[in-house]
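Enquirer: Residues per chain, in single letters:
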Amino acid sequence: MLSKRIVSCLDVRDGKLAKSVKFVDTQDIGDPVAKAREYYAQGLDELVFYDITASSDNRGIMLDVVSRVAEQVFIPFSVGGGLRTVEDCSRVLLAGAEKVNVNSAAVKYPGLIAEASKAFGAQAVVLSMDVLKVQKSAQIPSGYEIVINGGRTPMGLDAIAWARRGVDLGAGELVVNSIDADGTKTGYELTLTRQIAEAVSVPVIASGGGGKPEHLYDVLTEGKADAALVASMLHYGEYTVGQIKEYLAGRGIKVRIQKDE
Amino acid sequence: MITLVDYKAGNLTSVRRALDHLGIPCQVSADPETVRRADKIIFPGVGAAGAAMSILRECGLDSALKEAFAAGTPILGICIGCQIILTHSEEDDTPCLDLLPGACLRFRVSDPTLKIPHMGWNGVIVTQPHPLLVHLRPGDEFYFVHSFYPQPADASQVYAISDYGGEFPVAIGKDNLFAVQFHTEKSGAVGLKVLENFANWQI
Numbered sequence: 001m002l003s004k005r006i007v008s009c010l011d012v013r014d015g016k017l018a019k020s021v022k023f024v025d026t027q028d029i030g031d032p033v034a035k036a037r038e039y040y041a042q043g044l045d046e047l048v049f050y051d052i053t054a055s056s057d058n059r060g061i062m063l064d065v066v067s068r069v070a071e072q073v074f075i076p077f078s079v080g081g082g083l084r085t086v087e088d089c090s091r092v093l094l095a096g097a098e099k100v101n102v103n104s105a106a107v108k109y110p111g112l113i114a115e116a117s118k119a120f121g122a123q124a125v126v127l128s129m130d131v132l133k134v135q136k137s138a139q140i141p142s143g144y145e146i147v148i149n150g151g152r153t154p155m156g157l158d159a160i161a162w163a164r165r166g167v168d169l170g171a172g173e174l175v176v177n178s179i180d181a182d183g184t185k186t187g188y189e190l191t192l193t194r195q196i197a198e199a200v201s202v203p204v205i206a207s208g209g210g211g212k213p214e215h216l217y218d219v220l221t222e223g224k225a226d227a228a229l230v231a232s233m234l235h236y237g238e239y240t241v242g243q244i245k246e247y248l249a250g251r252g253i254k255v256r257i258q259k260d261e
Numbered sequence: 001m002i003t004l005v006d007y008k009a010g011n012l013t014s015v016r017r018a019l020d021h022l023g024i025p026c027q028v029s030a031d032p033e034t035v036r037r038a039d040k041i042i043f044p045g046v047g048a049a050g051a052a053m054s055i056l057r058e059c060g061l062d063s064a065l066k067e068a069f070a071a072g073t074p075i076l077g078i079c080i081g082c083q084i085i086l087t088h089s090e091e092d093d094t095p096c097l098d099l100l101p102g103a104c105l106r107f108r109v110s111d112p113t114l115k116i117p118h119m120g121w122n123g124v125i126v127t128q129p130h131p132l133l134v135h136l137r138p139g140d141e142f143y144f145v146h147s148f149y150p151q152p153a154d155a156s157q158v159y160a161i162s163d164y165g166g167e168f169p170v171a172i173g174k175d176n177l178f179a180v181q182f183h184t185e186k187s188g189a190v191g192l193k194v195l196e197n198f199a200n201w202q203i
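Going line by line, the protein sequences match chains A and B. Going left to right, the first sequence walks through residues 1 to 261 as this note's numbering numbers them. Going left to right, the second sequence walks through residues 1 to 203 as this note's numbering numbers them.
Keep in mind the hints are simulated off the structure, nothing from the lab. Where is the CB? At the ideal position from N, CA and C, for every residue including glycine. Heads up, some of the hints might be wrong.
What the hints assert, rightly or not - Calculated lysine-lysine pairs in the DSS-like style (CA-CA distance at most 30 Å, straight line):
hint, chain 1, residue 1, chain 2, residue 2
1, B, K40, A, K254
2, B, K193, A, K35
3, A, K185, A, K35
4, A, K118, B, K8
5, A, K259, B, K193
As the list claims (entries may be wrong) - Chain A stretches covered by chain B per the calculated footprint, using a threshold of three residues with CB under 8 Å from any CB of chain B:
hint, region
6, 91-98
7, 196-206
Let the hints inform the model, and build the full structure from the sequences given.
Expert: Here it is in structure tokens:
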């Protein structure tokens, strides 16, 4: 059986690590390459880097980060943020990422998913979706709406329908990020995660809200996620990857336990 | 010096970075003559079997690999490089290199909750000792991304298995050839050690 994966997300602005809390007030907390190395040593299963650099002039810095990570960290990682074309995707893959993470650009132009999937294979294309809880309506029957631009722009698009469409277009994996839960550390959005995991045939990574190891347990069981994304729990040194995994293993979840040399 | 076979099939750069990190000298080459004369060969790859085989044929690398295998050159196949060493692949119904008799088969799992591709970390169980897997301990896991798996005709050529809705071979080999379905270059320390063992492998 596959192990449930613990994934960490590093937000990178101008080459520096930042952690968003409800998508505002980001605070610089260090060097992304050093952090990646630290989590790799702790036994993390996978990494996601989001480039939140505002100015397109500084986007080249991210490619340098990607390439330095690839030289030192030997687990899979994906890169997202500001990828608008297949050429953008190709650049981060060539720099050493396994997968690309597309979000806003794919909502605006869904053909990007199909093009990237055809060019690099579905396993290399992760569709990341930012989701806000709203009133159920004819347009949003699940009560979960897709938003873009870091949570600022509602798109009138149902999250479940978008997840299905993304997979049909060729996404090999989904990151489901609850904006309501993001940064709260009170637990993942279990209903949303479960609905999406049940709707698609590809792995689902739950994101947003993880504050304690039991939150991961909940989303990997009740939420039916294949992987859980953790940020502040690790970034502020509250837990190590090993502590989270020991807790999960103790409750019967199959996780990869890295043995000391 | 290890020669990494370059046939535009994906993970070559990751494998090279892993070797660089380990301080193992390597060169990347698409030249059949260089492959024929190589001390050791790593045959990486991600992607589809059909496309991989056509490129190998176009470059004349198919016969170079066959000759190197026959001449006793140590060869390590990774992922697609573990699949197309067999006689045939169900992917694109592709005739392959036939270094080992056998076929590459599509996963047919009956459990609908098991997603294909088989992607993520899974345990690897050694079924027969091999110098490249000496470091493995029970419970060690490797990173996989694949929809097809290698099945040698001769069961004695299987060295390790994994389980995904049923057991399947993940490390196969014969004489100077060894091949793994998992990504040694993305499996952390246990994966890097396979590459190191290959560099030290004396036949």
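Enquirer: Given the hinted pair A/K259 and B/K193, is their Cα-Cα distance within 30 Å?
Expert: Distance ~14 Å between A/K259 and B/K193 Cα, so the pair holds.
Enquirer: For the pair supplied as a hint, B/K193 and A/K35, is the alpha-carbon distance within the 30 Å limit?
Expert: 23 Å, holds
Enquirer: Mind checking the alpha carbons of B/K40 and A/K254 for me, to see if they're no more than 30 Å apart?
Expert: Distance of about 37 Å is beyond 30 Å: violated.
Enquirer: Take the C-alpha atoms of A/K185 and A/K35, compute the straight-line distance between them, and say whether it is at most 30 Å.
Expert: Roughly 20 Å between the alpha carbons, so the hint for A/K185 and A/K35 holds.
Enquirer: Can the region 91-98 of chain A be counted as covered by chain B under the rule of three residues or more with Cβ-Cβ separation shorter than 8 Å?
Expert: n = 3 at 8 Å, threshold three: holds.
Enquirer: Verify this for me: three or more residues of the region 196-206 of chain A with a beta carbon less than 8 Å from a beta carbon of chain B.
Expert: holds (count 3)
Enquirer: Decide if the proposed pair is consistent with the structure: A/K118 and B/K8, CA atoms, cutoff 30 Å inclusive.
Expert: 16 Å, holds
Hint check: a violation occurs at hint 1 only; the rest are consistent with the structure.
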